[in-house]
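Protein chains in written order, with this note's numbering: chain P, 1 to 489; chain E, 1 to 572.
Calculated directly from the structure, the hints in this document are not laboratory data.
Note that the coordinates shown come from a computational prediction; the quantities given were computed from them, not determined experimentally.
As a list, the in silico EDC-like pairs of lysine to aspartate or glutamate whose alpha-carbon atoms are at most 20 Å apart:
(1) K217/P <-> D135/E
(2) K132/E <-> D196/P
(3) K217/P <-> D196/P
(4) K305/E <-> D389/E
(5) K217/P <-> E253/P
(6) K217/P <-> D251/P
(7) K132/E <-> E215/P
(8) K376/P <-> D295/P
(9) K305/E <-> D462/E
(10) K305/E <-> D351/E
(11) K232/E <-> E271/E
(12) K232/E <-> D265/E
(13) K132/E <-> D274/P
(14) K217/P <-> E201/E
(15) K217/P <-> D195/E
(16) K132/E <-> D251/P
(17) K376/P <-> D91/P
(18) K376/P <-> D326/P
(19) K217/P <-> D192/E
(20) K376/P <-> D84/P
(21) K132/E <-> D106/E
(22) K217/P <-> D188/E
(23) K132/E <-> E105/E
(24) K376/P <-> D291/P
(25) K132/E <-> D243/P
(26) K132/E <-> E183/P
(27) K132/E <-> E275/P
(28) K376/P <-> E284/P
(29) K132/E <-> D111/E
(30) K132/E <-> D221/P
(31) K132/E <-> D180/P
(32) K232/E <-> D261/E
(33) K132/E <-> E253/P
(34) K217/P <-> E138/E
(35) K305/E <-> D388/E
(36) K376/P <-> E80/P
(37) K305/E <-> E470/E
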Amino acid sequence: MNDWTRRDFLRAAGLGAGAMALTPFLPTLDAAAQTGPAGARAKRLIVFCHGNGSLLEYWRPSSGGRTDWAAGQILAPLTEAGPDRPNGYRDQMLLLDGIDNISGYKEDPKISGHSNATCLWTGAYPLPGEKRRRKSSHMSIETAIGEHIAADVDVPFPYLHFGIGHPLYNNLGYNWFYRDSDEPHYVEYDPRAAFDRIFAGFTGDSATLERLRGERKSVLDLVRRDLSQLRRSVAGEQRQRLDAHLAAVRDLERRRTDDSTPICSLPATPDAFDEDGQRTQDVEQHMAYIDAQFDMMVSALRCDLTRVIGFNWGSESATGSGEFIDGYDEVEDHCVADNDRCARNIHRLSHYSNEDDVAREFMLNLNRFHARNLRKLVDLLAATPDPTGPGSLLDDTIIVWGTALSHGFSHSGRNAPHVIIEGGADPYFRTGEYHRWGDYGDWSTSFRDHGGHKNNELLVSLAHAYGLNIDHFGEPDVVGSLDEEIARG
Amino acid sequence: MKTMVRQNLVLPLLLVGLLVGLASAGCDGQLDLEAGQRATHGTNPQTPGAGSEGGPLDSPEGSEAATDPSLAGPVGGETWVRLNRGEMRRSLESIFGELGFAAVEDYLPPDGTVGALYDGNTDPTPGPIVDKMLDLAESDAAVIAANLDAVAPCEGEDVDCAKQFVDSYATRIFRRPLTDDARQMHHDFVADVADSSGYVEAVRLWVTAALQSPYFLYRVELSEDAENGEAKLDGWEVASRLSFFLWREAPDDVLFAAAADGELDTAEGVERQARRMMDDERYHRSVAHFLRQWADVALPEEPRKDVTEEEFAAIGRELGNWFDAMAASGELDYPNLIAADWTVANESLADHYGAEHPAEDPDEWVRVELEERAGFLTRSAVLMSDTDDLEPIFRGHRILTNVLCLPIGDAVPLDAIEEDALTVLSDASLPMRERLAPTETSQCAGCHALLNPLGYAYLHYDTAGEYRTEEFPGVPIDASGTFTAGSTELVFEDAVELAHLLARSPDAHECFTRQAFRYGLRRDEVRGDEASIDSARARFTEQNFTIDELVLGIVTSRAFRHVAAPEATETN
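Next comes chain P alone, as it looks inside the complex:
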């Protein structure tokens, strides 16, 4: 019952095409006809990130220059040969070496290095606030792009956010993605909850669905009338808040009860990974959890329920253990010998990853683990047909993978490495190239200007790929893009 197709549904509902207006799945829009905003070169965006920084020595190419680079240890999983892909995704990758995350160049000792997480996709300085709880003062780029696309394309969700919540990636309060200043996005960590929210109403029989829709409609109608009645008796700020609430309820009503959701084959109902499930120490279970999250993400794109996804491996400053990372046993042994250095704490390991062999090896493996899983996601996208046109989901999709710090041991936002992966025959970016700016060393801990570019410029270029014509993003005084250097003409 889990894998519904349009045909299955129609059979179950006992309806012919003529009666489809009564069904909850009637596609009012022909997905393939949804072209997107003017000037857009890409249709979909996945923003991908992880905490505790990278290791530039291993992230950087092992040899070669701008066009003849060969992947270093961290990115190697993305360039390994696969079926019909002798170089993996090497030719779809653009490596950006020398992008300064904003707090790398706007220093403030009161913010934690990990507050860089709030700057990475927003290009904006965090709001004042408690250490560890600082929030961004600006929306993040996938929000802007998602809303821009949703203005032209009727998708139920302008963007969706997913994360992996194993203790290795636990959440200490740093949020990567923002709807607006001080408003972090809700991130789905449980694939079952994601399934319930995104594919709501798809799992029952048609009569059940019809009834549920009717109930929700009448309930939300009463909620709306309550809100409207109260709205009439107030003014000013409260009225604005009620207006916003009312708009959100109307939107909810449309999404949960109307029949514009395009039909598609549904993913299997995933196992729930509630907090306990996310905390499992079992490696196999954890990999199943990641697979389930990826399935929800790919299914949401496959059903054209969203065009934009933000994904984070837990939070910045993650302090969990990491049983599923190669080298964990050595870390265990090491912990016994020198508890202060790790205590099975990835954040502490990152602090010592320049001077301690075991910690370095572990962090390298962790970064490779992220790359390997990203490879898995990209493979899934490449193998899934695009519901809006010919080719695969990977075509016309841009994936950008960034981290907020160059190194865990420096906590410097300088030179935070980024990779763009873009499929399709006519990519916006100069894929296949490696760009390096400035002279930030492999093991540098510096916060000084080294001649790099600001991440705001990258975010502006990213917006341009979707026809969102802005000249700055985030901090208003940082204007410009990287188009001349990294975009194709």
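Let chain P serve as the given structure and place chain E on it in line with the hints.
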């Protein structure tokens, strides 16, 4: 790789916020208390005035408020805080009982903060949360429908009974009686559903809608009966303010009966109800919650240094147990909070404090006399709440801003700090006073001259909360200091003496009143609130500084029972 080692230690240290190299506005030279710059809670001078009419306080301190004409103006406006997750769940359970509702945390994301002291939400309710609220309301309503026999006001399973259900619960859920029109609307709704789907469905769907109603979700205050820019809250609104302050949940039936009878229209009536509510465990939980917020208690994820898991668990429970013990013995007052030489402890905690545990059962929590410690600020839960290094800055900061309500500026940018100074600051082999010396001679000195002496007072306690006499072998601790700001001068040998000075300090009393006011009203104060704060302070001072009297002073004040008149309402 060798050369990076030093920076490797320093820079993370700085960036995780250890060094508050405070300079700029708030601390540019000496504080001028006579000009009465009182800080909003916390370090952030931009803390919004929570929807206030007059903006954050920026004029003379409270004691002059009653007479100073510059303090005229209406009390603060309503903020329509959206209930936090705990309030939503506790309110529902107080209305229907503990029926096994799902954990609200499974549905709604963490709350924001209201002012600096309370979890709640003042932002517009964003789309994804509305989505989750529907799911949560459906889940809660299903639980209620499954327990309908226990909660229904009538036995006949028909339209009339559905209407009775609405009449029975609407006031409790919406925290005010329905208007005639609204009542009709809700009756029509259940009648429609009952006709088509039956009584149980009518109740279930109505509850689903009611739990998403703005009257349930927001702290709606509609009073418009304005005079001099202020409106007197009606009894229902006072009942809500009282209940959310004292119990952190929606009012009970008794309180609503008092609202209906007009009892809450007078300060005497409010006091009578408040006294009733104080005799309840929920009140003690709220006081403990306030005190934790006030002291910024936030334990690290793991115990530090030699602290065992058992001690760490006990440290986490100590404050609540101690507050309860003080309340039980009638000693819950400011001097005890700040300077008491006793706590309650099990054996692990007593060991941690190096004190005797006078009970046979090691798990029994009993009164334990403490040496070398005085009050809240020397308890390990507080001492462990700061970072693991350069902690005097944070300890000083807590006293300056939370205990004395003095303003503080922003940190000096990292690149403005000399390399030499960074070297010294990061040298963990130096005694703390030497490490922090650069902050006292540079541009940072304006603030650190205030912060450091207060922080050094606690050098006897390491970041695990344990008492020590030496910082390093052979380096004895000097915790003495002098704190001077405006007319305030505190001269002390150590944290115990400082605690006794703070216990007697009128500045600290006023600040504590202010913090309790902010907590109780879920907003920062405005100019027009000063007279109310001052009257609460006077009552607190005159009545032996008990927390109960302070709370009574606040709930009977003008600001608590009034609201700035809303802007003229447009009809639409």
